[in-house]
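Engineer: Sequence:
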Amino acid sequence: CNRPTSASIDAVIEHCPDFEELHAQNGWVGLTSLPDNIGNLSKLKHLNLGNNSITTLPLSIGNLPKDCYLNFNGNPIKNVPFSTIEKGPAAIKRFFELKEKDGAAESNQFKMVLLGTGEAGKTSLLNA
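The numbering of the sequence shown is the numbering used here, which starts it at 292 and goes up by one.
Treat the hints with care, since some could be wrong.
To be verified - Under the rule of at most 20 Å between Cα atoms (straight-line distance), these lysine to any residue pairs were calculated in the SDA-like manner: (1) Lys-390 / Lys-413; (2) Lys-369 / Asp-309; (3) Lys-357 / Phe-386; (4) Lys-390 / Ala-419; (5) Lys-402 / Ala-419; (6) Lys-384 / Asp-358; (7) Lys-369 / Met-403; (8) Lys-334 / Pro-372; (9) Lys-334 / Glu-305; (10) Lys-392 / Asn-370; (11) Lys-369 / Lys-336; (12) Lys-357 / Asp-327; (13) Lys-378 / Lys-402; (14) Lys-357 / Leu-405; (15) Lys-369 / Thr-346; (16) Lys-384 / Lys-413; (17) Lys-357 / Ser-344; (18) Lys-357 / Glu-311; (19) Lys-384 / Asn-328; (20) Lys-390 / Met-403.
What the hints assert, rightly or not - Label pairs and their in silico Cβ distance ranges: (21) Cys-307 / Phe-373: 56 to 62 Å; (22) Cys-307 / Asn-362: 26 to 32 Å; (23) Asn-418 / Glu-391: 56 to 62 Å; (24) Asn-317 / Leu-350: 21 to 27 Å; (25) Leu-350 / Asn-418: 32 to 38 Å; (26) Glu-388 / Asp-301: 32 to 38 Å.
Note that these hints are calculated values from the structure, not bench results.
These figures come from a predicted structure and were not determined experimentally.
Beta carbons are placed, not taken as given, at the ideal position from N, Cα and C, and that holds for glycine.
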């Protein structure tokens with residue numbers, strides 16, 4: 292297969308499932324999401340999608356070869372921590388499996404307990 296020009300990533304995957312490297316960084320094709328069939332690239336060794344506008348990764352990305360290098364730097368991905376992405380497809384797959392098993396949901400709430408001796412400034416800190 293030749294280098295894709297204006298074809299969508301979905302069409303590239305459908306017509307060229309034997310890709311070993313896929314580079315679409317720096318807004319090259321205006322990526323905001325990835326198709327579910329991204330996991331069908333069973334021979335992929337290098338996926339460079341840095342500096343796009345991708346906000347979520349599909350579950351199927353965990354089906355990529357475990358030694359596939361992933362670059363999603365510069366994307367506002369919200370559903371998988373970058374520390375997990377950096378570990379590769381197998382770690383992403385485990386993350387999704389654990390999230391589904393535990394029924395985890397994202398939350399912006401937290402509980403904070405302030406401990407300390409009297410007159411130490413806990414209330415002042417809380418009111419700041």
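Engineer: Is the distance from the Cβ of Leu-350 to the Cβ of Asn-418 consistent with 32 to 38 Å?
Structural biologist: This hint is violated: roughly 44 Å between Cβ atoms.
Engineer: Quick check on a hinted range of 56 to 62 Å for Cys-307 and Phe-373, using CB atoms only.
Structural biologist: At 28 Å between Cβs, range violated.
Engineer: Can you confirm whether the C-alpha distance between Lys-369 and Asp-309 stays at or below 20 Å?
Structural biologist: Measuring from Cα to Cα gives roughly 29 Å; hence the hint is violated.
Engineer: Regarding the pair Lys-357 and Ser-344, is the alpha-carbon distance no greater than 20 Å?
Structural biologist: violated, 24 Å
Engineer: Check whether the Cα positions of Lys-384 and Asp-358 lie no farther apart than 20 Å.
Structural biologist: The hint holds at about 13 Å.
Engineer: Between the alpha carbons of Lys-369 and Lys-336, is the straight-line distance 20 Å or under?
Structural biologist: violated, 24 Å
Engineer: Would you say the C-beta atoms of Asn-317 and Leu-350 sit inside 21 to 27 Å of each other?
Structural biologist: holds, 26 Å
Engineer: Lys-390 and Ala-419: Cα distance at most 20 Å?
Structural biologist: Cα-Cα ~35 Å, so violated.
Engineer: Is Lys-390 within 20 Å of Lys-413, Cα to Cα?
Structural biologist: It is violated: about 35 Å lies between the C-alpha atoms, which goes past 20 Å.
Engineer: Next pair to validate is Lys-384 with Asn-328; report whether the Cα-Cα distance is within 20 Å.
Structural biologist: holds, 15 Å
Engineer: Between Cys-307 and Asn-362, does the C-beta distance stay in 26 to 32 Å?
Structural biologist: Given a distance of about 19 Å, which is not inside 26 to 32 Å, the answer is violated.
Engineer: Would you check the hint for Lys-369 and Thr-346, treating anything up to 20 Å between C-alpha atoms as holding?
Structural biologist: holds, 6 Å
Against the hints set out earlier in the document, violations occur for numbers 1, 2, 4, 7, 8, 11, 13, 14, 16, 17, 20, 21, 22, 23, 25, 26.
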